Amino acid sequence: MFPARRTPDRGARPVSTPAPDPAALYRQMLRIRRFEETVLEAFPRGLIFGTTHTSIGQEADAAGVLSQILPGDIVVSNHRCHGHFLAYGGPMVALAAELMGRETGVCGGRGGSQHLQWRDFYANGILGGTIPLAVGMALAEKQRQRHAVVAFTGDGALGEGVVYESLNMAALWRLPILIVLEDNRYAQSTPIARHLAGGIAARFQAFGIPAAEIETTDAVEIAATTRPLLDQIRAGTGPQALVIHTYRFAPHSKGDDTRDPNEIARYRRNDPLPRLGARLAAGVAETLSAEVEAEVEAAFRLAEQAPMASPAVFPQTLAEAG
Amino acid sequence: MFPARRTPDRGARPVSTPAPDPAALYRQMLRIRRFEETVLEAFPRGLIFGTTHTSIGQEADAAGVLSQILPGDIVVSNHRCHGHFLAYGGPMVALAAELMGRETGVCGGRGGSQHLQWRDFYANGILGGTIPLAVGMALAEKQRQRHAVVAFTGDGALGEGVVYESLNMAALWRLPILIVLEDNRYAQSTPIARHLAGGIAARFQAFGIPAAEIETTDAVEIAATTRPLLDQIRAGTGPQALVIHTYRFAPHSKGDDTRDPNEIARYRRNDPLPRLGARLAAGVAETLSAEVEAEVEAAFRLAEQAPMASPAVFPQTLAEAG
Amino acid sequence: MTTVLESLGAGLRASLSESPAVYFLGEDILDPYGGAFKIARGLSTAFPDRVITSPVSEAGLVGVALGMALRGLRPVVEIMFGDFTLLAADQLINHAAKVRWLSGGAAQAPMVVRTPMGGRRGYGPTHSQTLEKHFLGAPGLRVVAASALGDPGAMLRAAVLEDDDPVLFVENKALYAVAVQPTSGLQDIEVSVHGRRYPTYQLRVAGAPAPGLTLAAYGLCGELARQAASRLAFEDEIFADVFIFTELSPHRPEALHDSLSHTRRLLTIEEGTRFLGWGAEVVAQAVEALGPGLQARRVAALDMPVPSAGPLEAAVLPGVEAILSAARALAGRS
Amino acid sequence: MTTVLESLGAGLRASLSESPAVYFLGEDILDPYGGAFKIARGLSTAFPDRVITSPVSEAGLVGVALGMALRGLRPVVEIMFGDFTLLAADQLINHAAKVRWLSGGAAQAPMVVRTPMGGRRGYGPTHSQTLEKHFLGAPGLRVVAASALGDPGAMLRAAVLEDDDPVLFVENKALYAVAVQPTSGLQDIEVSVHGRRYPTYQLRVAGAPAPGLTLAAYGLCGELARQAASRLAFEDEIFADVFIFTELSPHRPEALHDSLSHTRRLLTIEEGTRFLGWGAEVVAQAVEALGPGLQARRVAALDMPVPSAGPLEAAVLPGVEAILSAARALAGRS
Ligand SMILES: Cc1ncc(C[n+]2csc(CCOP(=O)(O)OP(=O)(O)O)c2C)c(N)n1
Ligand SMILES: Cc1ncc(C[n+]2csc(CCOP(=O)(O)OP(=O)(O)O)c2C)c(N)n1
Ligand SMILES: [Mg+2]
Ligand SMILES: [Mg+2]
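So the sequence lines, in the order shown, correspond to chains A, B, C and D. Residue 1 is where the first sequence starts when you use this note's numbering, and the numbers rise one by one after that. Residue 323 is where the second sequence starts when you use this note's numbering, and the numbers rise one by one after that. Residue 645 is where the third sequence starts when you use this note's numbering, and the numbers rise one by one after that. Residue 979 is where the fourth sequence starts when you use this note's numbering, and the numbers rise one by one after that.
For reference, chain A alone in the conformation it holds in the complex:
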């Protein structure tokens, strides 16, 4: 259902990452794309609680970066987390079930779209607030010389002060963390020129964190750029940042798009899927597409068949409450 190498295996020792595989990257992006398109379609049918943020257009980031993690590596994500979750190896059916408030959801329907905790994957809807947590995880991992942390965040989240507190500590303590800054040029409705002064890479460099900067929707390029960064991180040289300039095609959440349609159309020319699909051997894209359609269809079908989350039993808030 999803590539076995992405299934975390806590016991394993780091081994070297396989070289970027275009077909696997294409497949991963397509899974994300079709999953999220299906989410947007499911909304009007009243199947989904709350809201959602899709990464349609940005799939290359999740697919490319996370193709380079090793078993046991940790992934920290933000409000726009479906793609990261799927590329990490999170089960699609559990994600669909979570959005639909089913018992079988990733967090039993408690978290919804923005709050996922599964194995070594954590997402939370408070912008920037996940970065110190990611740094703390990296501090723990450094003590034991084990896994790396990959934390995704956005251009808008650079408004939050706690991000800089975290960068400072990550750099001071030379922690094994890769911060992936997905700059999609907007924070919700606000274009970057209105919310961000100075430069993005400079924000990391000011704290002594090297920042690689790419503008691409090519998942292979992203994977190839990520690889040496993670290698260095694993070698113990401290944190790294990867700034990816990209664009989202769909609204911020749903229906709330105030961007210039021409601008969207312009960026759509760089759609990561056809770009990579065209480079695959003949027929591969079609085969993968059929596989993914079946996977997505099954995920939503199974999720919808699962029982609604039930208030009969809630988990504890404290281990010993009384």
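Check the hints yourself; a few may be wrong.
Stated by the list, open to error - With the C-beta cut set under 8 Å, the calculated list includes, among others, these residues of chain B facing chain A:
#, residue
1, TYR486
2, ALA493
3, ILE514
4, ARG525
5, PHE529
6, ALA534
7, PRO583
8, ILE586
9, GLY605
FYI, nobody ran anything at the bench for these hints, they're computed from the structure. From a predicted model like this one, the values you see are computed outputs, not experimental measurements. Backbone N, C-alpha and C define an ideal beta-carbon position, used for all residues, glycine too.
Could you slot chains B, C and D with the ligands onto chain A? The hints should help.
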């Protein structure tokens, strides 16, 4: 008692700053030095409530920078605020009275050493938390094209995230604010290498804020460096930072010094007072010294004679409480 | 019909047009977006220089507003979700709330921080909380909550233009779509209004016997309390005085205590969790003021975060049924 | 004689030496400085790899601790002054407190945030507050307070090593210098201990008649309550049960309610301001549990910031005299 030009005059329009006057700067530094030495002496006598942070060794910052403000300019300060307050033009006797918990104190004894509000001067003991307030004041001033804001902060306060949130807004909105970063190489007991990664000037530049950087205890040099920065700020070009690398000679607060005595001795060679004093015309330093001794003596004497703050009448916490 | 949302928008617009000292700051508040909940719609077009969209910096922005207020302006800040007010707790409590007292009245901080709290939209644990309880009782900070009764927009306007202290202005998300209801001419209900700027509304079923129970609520729960009171009257012949508060901190209990001196039974209702929620203070002040003889209960959310899934959220947040059963128990009818 | 400070230091040291999963992080905690209040003295020398001095970044540091806890470590964070916990409110309430519930128990966050609260040292409005009330009642966050009775160091050790949830561990500054007192062998006082990890201590004057009044307090105010109770017994022949709590949230009221079912008079005492202070919840739960007949009062700080000047601070913060007069009034003796 203190130079008339430093007395804020809310109505006045900006005029050009007088050129740095070495004798006036010396006098200002000496006032700060002797005031704070007297504070440290007064502690064992039980005259002073709470704690205190002296700027002994760093007097050139307050004296140099604030010699360049104009009537109505705003000064925002931190926990180490006596020098800023005196150089702003705050009355010495009211400051002494504040520390001694007298009715006549700057804030009637409520604030103590770290919390001063007087005319357009504001200090608060929460590190970094004053910077957004300073930026907000600059936003207000920009609307009316009036005064500049000068905000002092330290190397340690660069650990606080809200500082970066504020830098971003100051730069985005091109606000008339000068941030003076007094880098005395320590945050309390912690040397800068243990609390700050990357660079100080880079922290500002990453937000598009130009940062002038000087390493000096020469108040004339500091005044001369400040002058064009404030000129630009007044011309509406947006925020500026001035990073001054300096050193404090006295303990962080009182008696809590764990720094290497040799290091302190080394920096003491750059004591701003003898350095500038030697450059004054013969006899000037002596005359000023006598004046300042008398001023300090009178300030503490008058403060001590004032009645203790009385709990009979507290000010309101809300204008309409019930 | 005017909704609470429209009323608040109109109040904000009135504030901006009546005083050039008023500024409105927040994330994504510019047209055409007009803010996450659309209260700001049209404002940036009408007042382009005084509606300022900000980076995602809640703490910094509240501090900026404080600085503006100290310079004589009257800023209004929108925090997109009430859950994010925790990021500004230091700025509100350690800075803004202390200015007046510290300066002995020489300085003041007339600023309003508006924010939507509450759930019932499936947004999950960090976008559905009712967190104002964590801000109540901070000396120097006023906390008020919009109500569908009366005129929420006028109350917002008064907070912005007339209140010279920092105000946390809480709006319940599920209340946004509710129609504003005038205090006079309500069918079957008599309303007494206590206080002026931040009124407390006292509701009784018209022509009913003397009440045997007093309900106290605010925000959306004020609506739920009203519905519960009608059902109690018509289904159980339990008659209640319903108090809907708009000022949460400080608490103005005089009229409530008057009612309680007759009913001696107090039920508080709120959407946040019970432990040190608003109701705890209401109950404690009532016991202190009225002495022995008072019975009290509190209806509130279950002691856990707010889940996303509909059935879970409905089980966690208080509804009319929970109020009915607590009221019946308190009235000795269960 | 062991002071509370020494006991806490010993408890921290014991935690570090018993488990390699324990880390200690904070500002200025390295030797020879050893932290602003010196609890950390010697620790960085003994455990150089697990005592980590941090930048001045309270929010970030609490988040870092959460990340460590999620990876199986047991971090302890020192926030230099309790006033600065407001900077970490988001990390504590929006992040740490939700982990267990959200993951359905698959993840947990065993972390302790230690901090000194309280005044009486002249430090002024941002270094003297008692702010724990703003954190009480956040689902998933435990708040406890050290007491001079019993063994505060052992309680800290238990919080660090045994509690698998986030704990805000409050230490009153003025309590640091007080001698720790065992619960047995106290002159003229009988102590019952309720609960284990975070005990509640119940004190009575030995051989006194049945108590007519119940006092509930924590932290330094526990000491003040004891002193007041002795004076009430010897000067006024008013006999009181004194409860000193160490767990503030959740609240474990069983033994207190037992006492109240006899005395029906409750006086709560705390150093923070009254409005939605801890006492409000104690009173509200008592009224709910005991029904009509309860009388209650709350002794707390005046409703304003904590001033620096000695005479002002003394007037604002509650002392033994304030307890005595409230107790006498409650006992009908004034
Ligand atoms: C602390 C906080 N403030 C505000 C929000 C509301 N919000 C959700 S997404 C968003 C924009 C985020 O922009 P960015 O980080 O660039 O991510 P993107 O949505 O573009 O992927 C905002 C403001 C939030 N979730 N958390
Ligand atoms: C928010 C906050 N955290 C911690 C402290 C405690 N503290 C007071 S001064 C200080 C060091 C400040 O260093 P720096 O900014 O360099 O100023 P300096 O003392 O060197 O003048 C610390 C940590 C504080 N006052 N506020
Ligand atoms: Mg973005
Ligand atoms: Mg310093």
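**Asked** Can you list which hints this structure breaks, lowest number first?
**Response** Hints 3, 6, 7, 8, 9 contradicted; others consistent.
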